[in-house]
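Visitor: With chain V's structure known, arrange chain C on it following the hints.
Chain residues, written in single-letter form:
Number of protein chains: 2
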Amino acid sequence: MLNFDYKNPTKILFGKGQIAALAKEIPVQAKVLMLYGGGSIKTNGVYEQVKNALKDFEVVEFGGIPANPEYDILMEALAIIKKENITYLLAVGGGSVIDGTKFLSSAALYTGEEPWDILTKPIRTEKGMPFGTVLTLPATGSEMNSGAVITRRSTQQKLGMGGPGLFPIFSVLDPQVINSIPDRQIANGITDAFTHVLEQYMTYPAKALLQDRIAESIMQTLIEIAPVILKDKSNYEAASDFMWSCTMALNGLIQKGVPTDWSVHAIGHELTALYDIDHARTLAIIAPSLYRYKFNTKKEKLAQYAERIWNIQTGSVEEKAMQAIEKTEAFFHSLNIKTKLSEYTDDYKKCAGFAAERLKSRGWIALGERKDITPDDVFKIVEMSY
Amino acid sequence: MLNFDYKNPTKILFGKGQIAALAKEIPVQAKVLMLYGGGSIKTNGVYEQVKNALKDFEVVEFGGIPANPEYDILMEALAIIKKENITYLLAVGGGSVIDGTKFLSSAALYTGEEPWDILTKPIRTEKGMPFGTVLTLPATGSEMNSGAVITRRSTQQKLGMGGPGLFPIFSVLDPQVINSIPDRQIANGITDAFTHVLEQYMTYPAKALLQDRIAESIMQTLIEIAPVILKDKSNYEAASDFMWSCTMALNGLIQKGVPTDWSVHAIGHELTALYDIDHARTLAIIAPSLYRYKFNTKKEKLAQYAERIWNIQTGSVEEKAMQAIEKTEAFFHSLNIKTKLSEYTDDYKKCAGFAAERLKSRGWIALGERKDITPDDVFKIVEMSY
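If you're matching them up, the sequences are chains V and C in order.
Numbering-wise, UniProt numbering puts 221 at position 221 of the first sequence, and it's gapless, one number per residue.
Numbering-wise, UniProt numbering puts 17 at position 17 of the second sequence, and it's gapless, one number per residue.
Pulled out of the complex, with its shape left as it was, chain V reads as follows (with noise of 0.2 Å):
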């Protein structure tokens, strides 16, 4: 096991009814902003629901928060925050209020002249204006994590930021909102979250039995619970299990000690900013190929997973790891996401050049657990998830 340094101060309020209890958690004297997206939650409950938890705080509003934060709109909020002084966020939405909200809890507090420098230069947040969260789309895990991504359309970016500063204070969990959330979002948190286990698995071995029996721990229950809650969202039990299941993907404890690769993330990353496809669903065309392409250096955790996820137990540890991967493809098939860039765009035969050059151009960041992923290498890989 690596060495590591771990700390998590995010209070989860989890179940049902939970978010009548958030007004506990915020100070009395807090002028709160309420964040959220594009309004789904005044069809299904929970704005009803936050604003009477919220009903003897002075609460402003901001609505309209899209998909993939967007910086511009961001600002917007920001400008509200000081005018309003606003002492207390709270995100009510999914990956991307929250996300969005950390940026604005970062920016409320910096000094700087260009907020944008929080996530190009890029800045550590160690103290943001405190938040809360009420998740309604189990997907990121950005509920109990310290980390953002933000973008910003004008010049095809999406950026990470982070910082123990950006912890929420407290998020409400109530699986109940899962009945309302579209088949299509439930797949993708369900391949967002699946992914998220992988990229803190897929490397080498590095005998973090616990660590490693954790993150399968999360990937069997994901794959137990996924035609059981896409058949029926009102199932609670598997929408508890969903719901816990992506938060503890990337709560970051089953990165403690073990290495990590986020390869594809960086790669996917560009593939949203391109052409606009889901986070989710660029996951499910990076990975397979990347585990592909790095097969010599991820075949023995590849075979670990063959087994204990999909008890596949004759074979090599060659034979068990090329399994391991159809299997893989297969999960993401049976949640009705396409692993192929053609099967999303016509346009896609300039994008292995356009992606290794945007990561180029941006000052290269090895990627991958050994940092041995190469712009050459990126171009190869995003060609074979044609």
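No lab work stands behind these hints, which were simulated from the structure alone.
C-beta atoms are modelled at their ideal positions from N, C-alpha and C, and glycine is treated no differently.
You may find that some hints are simply not true.
[To be verified] Taking lysine to aspartate or glutamate and the EDC-like style, the derived pairs with C-alpha atoms no more than 20 Å apart in a straight line are: (1) C/K7 x V/E25; (2) C/K11 x V/D5; (3) C/K207 x V/E224; (4) C/K207 x V/D232; (5) V/K82 x V/D72; (6) V/K24 x C/E126; (7) V/K24 x C/D5; (8) V/K207 x C/E216; (9) C/K380 x C/D347; (10) V/K371 x V/E357; (11) C/K16 x V/D5; (12) C/K338 x C/D276; (13) V/K127 x C/E25; (14) C/K207 x V/E216; (15) C/K24 x V/E126; (16) V/K7 x C/D5; (17) C/K7 x V/D5; (18) V/K7 x C/E25; (19) V/K11 x C/D5; (20) V/K24 x V/E58; (21) C/K127 x V/E25; (22) V/K11 x C/E126; (23) V/K207 x C/E237; (24) V/K51 x V/E25; (25) C/K349 x C/D377; (26) V/K83 x V/E114; (27) V/K83 x V/E113; (28) V/K207 x C/E224.
[What the hints assert, rightly or not] The following residues of chain V were derived to be distant from chain C, with all beta-carbon distances above 10 Å: (29) Q29; (30) S40; (31) V60; (32) K121; (33) Q156; (34) I277; (35) W310; (36) K327; (37) T345; (38) D347; (39) M384.
Guide: This is chain C only, laid out in the frame that chain V set:
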């Protein structure tokens, strides 16, 4: 899955050489009371490493905290805290030293007349004096939770305390310390951690799929590393998995969303109070009898445990469940832990009555995940353990 609240703000510094990093976790102006036990830290190099890390702080020392931390001795340390105007506590030791430090953290800020009231009333600690820990003996999980158990020999009492103010600010887990731990204490640590998982798992099925699997991951890891670490304590990888498994077994995570029992601990504590039997060994004495006695309510989870942990795939639920209890006893025996009270003392014949009476005399707290274990049941469970 049941509703839950979860928050654990302790920072973990895990790995080789992490003792040196503790200084940056303590406020620069702190006056530190360093607490330890019988002095083994002076022969295994930990004392020097801690003192070196603290070289820029004003430090007072208090050694001699015994196993099952004794109230009267802790009161001596409390007098020093007040006399010396201590502002920060540092526990260097195992669960007893850490638990004792938690009592002091609470008592140092307690405004009532009699600190023993914290245990008898009991008083929940919302805020304590800040403290960190350097763990030298993996077992209790106290390094990453907010509970403690304190003993008072003059009244033969062993009582629990806790509260959100009693999480360590940080805990250093350097697996290299395991190399100097006597075999007996390593076996105790494995047994203690394994039983902690059982108490949070061996109840009734609650459809918390991920929580069950994480609990199972810890048990599988402990079973896998037990023979390795008992054969070679210098095996750093096995030591790492042992240490981290003990922490994860009782840091609050796996008890969330599921029913818990804790009756093995409640009854076991009485055996320690009456006979001074090592805490972990009392758990190995009580657990098998308790599972046989409460077989009808626990058999489904026992059967799941049989299948997933002991690979028992054939037979009825009852047959699998019964075999799993036998496998558990065999596991304890493989650690050289005896599982019958008569193997520890000749004076056992009145124990069942004493244990039941003592639990009753303090105001009966219903035991078991369904609160259905009566004093008469305790009598029978202890009698089955003779």
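Visitor: Against the earlier hints, flag every one the structure doesn't satisfy and list their numbers going up.
Guide: none
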